[in-house]
Amino acid sequence: MSLARATGLIFAKELRIELRSRELLSTTLVFVLLVLVLFSFTFDPSAVEARRFGPGLLWLAFLFAGSLMLQPSFVRERTNDTLSALRMAPVEPFAVLLGKLAANALFLFLVELILLPIFAALYDLAILPVLGRLVLVLFLGTVGLATTGTVFSAITAQARLRELMLPLLLFPIVAPVLIASTEATVGLLSEEPYLDSVWLVFLVVFDAVFLTAAWLFGEYLFEE
Amino acid sequence: MAENAKSGSGLSVLWTLLSFVWLALAGYAALFVAPTEKTMGLIQRIFYFHVPSFWTAFVAIGTTTYASIAYLKTRAPKWDWLAVSSAELGAVFLTIGLVTGPIWAKPVWGHWWAWDARTTSTFVLWAMYVSYLLLRTLVEEPERRALLSAVVAIFACLDVPLVYFSIWWFRTQHPQPVIGDGGYLDPRMGKVLLFCWGALVALFLVVVRQRYRLEKLRAEVDGLRMEAERRAS
Numbered sequence: 001m002s003l004a005r006a007t008g009l010i011f012a013k014e015l016r017i018e019l020r021s022r023e024l025l026s027t028t029l030v031f032v033l034l035v036l037v038l039f040s041f042t043f044d045p046s047a048v049e050a051r052r053f054g055p056g057l058l059w060l061a062f063l064f065a066g067s068l069m070l071q072p073s074f075v076r077e078r079t080n081d082t083l084s085a086l087r088m089a090p091v092e093p094f095a096v097l098l099g100k101l102a103a104n105a106l107f108l109f110l111v112e113l114i115l116l117p118i119f120a121a122l123y124d125l126a127i128l129p130v131l132g133r134l135v136l137v138l139f140l141g142t143v144g145l146a147t148t149g150t151v152f153s154a155i156t157a158q159a160r161l162r163e164l165m166l167p168l169l170l171f172p173i174v175a176p177v178l179i180a181s182t183e184a185t186v187g188l189l190s191e192e193p194y195l196d197s198v199w200l201v202f203l204v205v206f207d208a209v210f211l212t213a214a215w216l217f218g219e220y221l222f223e224e
Numbered sequence: 001m002a003e004n005a006k007s008g009s010g011l012s013v014l015w016t017l018l019s020f021v022w023l024a025l026a027g028y029a030a031l032f033v034a035p036t037e038k039t040m041g042l043i044q045r046i047f048y049f050h051v052p053s054f055w056t057a058f059v060a061i062g063t064t065t066y067a068s069i070a071y072l073k074t075r076a077p078k079w080d081w082l083a084v085s086s087a088e089l090g091a092v093f094l095t096i097g098l099v100t101g102p103i104w105a106k107p108v109w110g111h112w113w114a115w116d117a118r119t120t121s122t123f124v125l126w127a128m129y130v131s132y133l134l135l136r137t138l139v140e141e142p143e144r145r146a147l148l149s150a151v152v153a154i155f156a157c158l159d160v161p162l163v164y165f166s167i168w169w170f171r172t173q174h175p176q177p178v179i180g181d182g183g184y185l186d187p188r189m190g191k192v193l194l195f196c197w198g199a200l201v202a203l204f205l206v207v208v209r210q211r212y213r214l215e216k217l218r219a220e221v222d223g224l225r226m227e228a229e230r231r232a233s
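Chains as they are written, first to last, in our numbering: chain A, 1 to 224; chain B, 1 to 233.
Rather than coming from a laboratory, the hints here were simulated on the basis of the structure.
Just so it is clear, CB atoms sit at the ideal spot from N, CA and C, and this is done for glycine as well.
Certain hints may be false.
Which chain A residues face chain B? A few, computed with CB under 8 Å, are given here [claimed, not checked]:
(1) LEU116
(2) PHE119
(3) ALA120
(4) ALA159
(5) ALA175
(6) GLU183
(7) VAL204
(8) PHE206
(9) PHE217
(10) LEU221
Facing chain B, a subset of chain A residues (Cβ under 7 Å, in silico) [unchecked claim]:
(11) LEU3
(12) ALA6
(13) ILE155
(14) ARG160
(15) LEU161
(16) MET165
(17) PRO172
(18) ILE173
(19) PRO176
(20) ALA180
(21) VAL209
(22) LEU211
(23) TYR220
Construct the entire structure; sequences and hints are all you get.
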């Protein structure tokens with residue numbers, strides 16, 4: 001089976017599970033919403049502050065959400081030992097990783113798209129004029145987060161205290177994504193919106209580096 | 001075999017003594033041989049251990065990365081033993097660097113922590129290696145632990161330039177303290193710095209060798225214990 005087809009099948013399987021339960025999307029949505037409101041309580045930002053700090057809070061909320069949402073990706077496969085079935089399937093191990101990665105990125109991206117207008121309303125920010133570029137930044141940041149997150153979720157699923165270990169491993173690794181996405185978003189939401197291409201290129205490089213690393217080293221995560 | 005072990009331990013005692021003497025000389029050189037820096041004064045002497053600590057940490061991180069790749073390729077447990085031994089020392093030297101930094105920065109910059117690119121990315125690096133070591137304590141099975149932590153070590157190493165670049169670029173867009181303009185460096189200062197680095201690398205080699213042997217013994221004990229359990233059941 002070709003890599004693309006195998007990846008597609010795994011991706012479809014993940015979507016089907018999520019569509020049947022809808023548990024990940026709904027809980028993550030509420031979680032991010034809560035975090036955003038709590039941030040607003042603790043900072044009580046003025047209009048200028050919202051523009052300056054809002055993007056950072058938004059990305060922090062996404063990062064927290066990602067570290068929780070990516071958790072079940074592999075743990076779920078342990079309950080009925082379906083991971084062994086996936087392992088035995090005549091597909092490249094990278095296809096399993098890539099399919100899950102794509103599904104995780106999609107879920108996270110959907111949550112972000114739904115929450116973006118709510119965030120804009122809560123923090124009183126104008127996102128419509130820069131919507132296209134903002135979605136691009138969201139997409140690139142999410143791919144970086146989902147790539148490293150899915151790999152580390154496969155790793156921590158095999159460790160004790162996995163709920164704590166995933167954020168511990170993930171946060172330092174994705175620090176560059178957090179900085180780049182936040183800075184790009186700050187630029188887009190400033191009074192005279194601009195998109196600093198340095199950050200855009202940086203996010204593309206980050207995504208490419210870790211997708212390649214996942215491709216090179218992903219197979220080791222599935223060994224019995 | 002026994003003779004080999006004996007002469008090996010004799011050499012190792014010699015090497016340990018040598019590295020300790022070297023370290024003492026390095027301390028003397030940093031305090032008395034190197035000239036006092038003109039503007040920063042005595043506090044600048046902490047540099048002779050602060051900077052080499054980071055350099056030694058980079059040697060350790062390089063060793064861990066190399067050993068992790070070698071482990072994935074060969075699956076020989078010895079590479080995993082080397083990776084963890086060196087990662088532990090890397091974390092120790094990073095900690096020394098991160099603690100001596102603020103001691104110098106407070107009187108010179110006026111803040112303990114200036115959030116400059118180098119300090120901050122080193123802190124992120126420290127966090128990555130500490131999580132690597134924590135992960136190792138949470139995976140029981142030796143082969144699985146070796147495999148998973150090797151992948152984490154490689155990912156962490158790939159992230160180093162990205163972390164540095166992102167924070168550097170982020171910082172250059174924000175105001176930050178002036179870090180000095182290079183200027184004239186007394187040649188004795190450079191020599192003492194290299195001498196101190198040599199001492200720390202020698203210490204690193206001594207400790208990493210002992211730590212490696214400890215890890216090897218642990219693996220042997222674990223193997224024997226498993227064997228005993230298998231026979232008992």
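Evaluated hints:
Residue-level restraint check for LEU116/A is violated (minimum Cβ-Cβ distance to chain B is 23 Å; threshold 8 Å). Against a cut-off of 8 Å between C-beta atoms, the interface hint on PHE119/A is violated, since the closest Cβ of chain B lies about 22 Å away. Taken as an interface hint, ALA120/A does not check out: its beta carbon lies about 24 Å from the nearest beta carbon of chain B, beyond 8 Å. Here the hint on ALA159/A is kept, as its CB sits about 4 Å from the closest CB of chain B, short of 8 Å.
Against a cut-off of 8 Å between C-beta atoms, the interface hint on ALA175/A holds, since the closest Cβ of chain B lies about 5 Å away. Taken as an interface hint, GLU183/A checks out: its beta carbon lies about 6 Å from the nearest beta carbon of chain B, inside 8 Å. Of the supplied interface hints, the one on VAL204/A is violated, with its beta-carbon coming no nearer than about 12 Å to a beta-carbon of chain B, more than 8 Å. The closest approach between the C-beta of PHE206/A and any C-beta of chain B is roughly 6 Å, which is under the 8 Å cut-off, so the hint is satisfied.
Satisfaction of the interface hint for PHE217/A is found here, the shortest Cβ-Cβ separation to chain B being roughly 5 Å, below the 8 Å cut-off. The beta carbon of LEU221/A comes within 6 Å of a beta carbon in chain B, closer than 8 Å, and the hint placing it at the interface holds. Proximity of LEU3/A to chain B is violated relative to the hint, the smallest CB-CB distance being about 20 Å (cut-off 7 Å). Because the closest C-beta pair between ALA6/A and chain B is about 21 Å apart, greater than 7 Å, the hint is violated.
Because the closest C-beta pair between ILE155/A and chain B is about 5 Å apart, less than 7 Å, the hint holds. Hint status for ARG160/A: holds, given a least beta-carbon distance of 4 Å to chain B, under 7 Å. A distance limit of 7 Å between C-beta atoms decides the matter here; for LEU161/A the minimum to chain B is near 5 Å, and the interface restraint holds. Because the closest C-beta pair between MET165/A and chain B is about 6 Å apart, less than 7 Å, the hint holds.
The interface hint given for PRO172/A holds, since its Cβ lies 4 Å from the closest Cβ of chain B, which is under the 7 Å cut-off. Proximity of ILE173/A to chain B holds as hinted, the smallest CB-CB distance being about 5 Å (cut-off 7 Å). Satisfaction of the interface hint for PRO176/A is found here, the shortest Cβ-Cβ separation to chain B being roughly 4 Å, below the 7 Å cut-off. Given the 7 Å rule on beta carbons, the hint for ALA180/A holds: about 6 Å separates it from the nearest Cβ of chain B.
Annotation: VAL209/A was flagged as interfacial toward chain B, and the flag holds, the nearest CB pair being 6 Å apart, inside 7 Å. Of the supplied interface hints, the one on LEU211/A is violated, with its beta-carbon coming no nearer than about 11 Å to a beta-carbon of chain B, more than 7 Å. Hint on TYR220/A holds. Least Cβ distance to chain B is approximately 5 Å, under the 7 Å limit.
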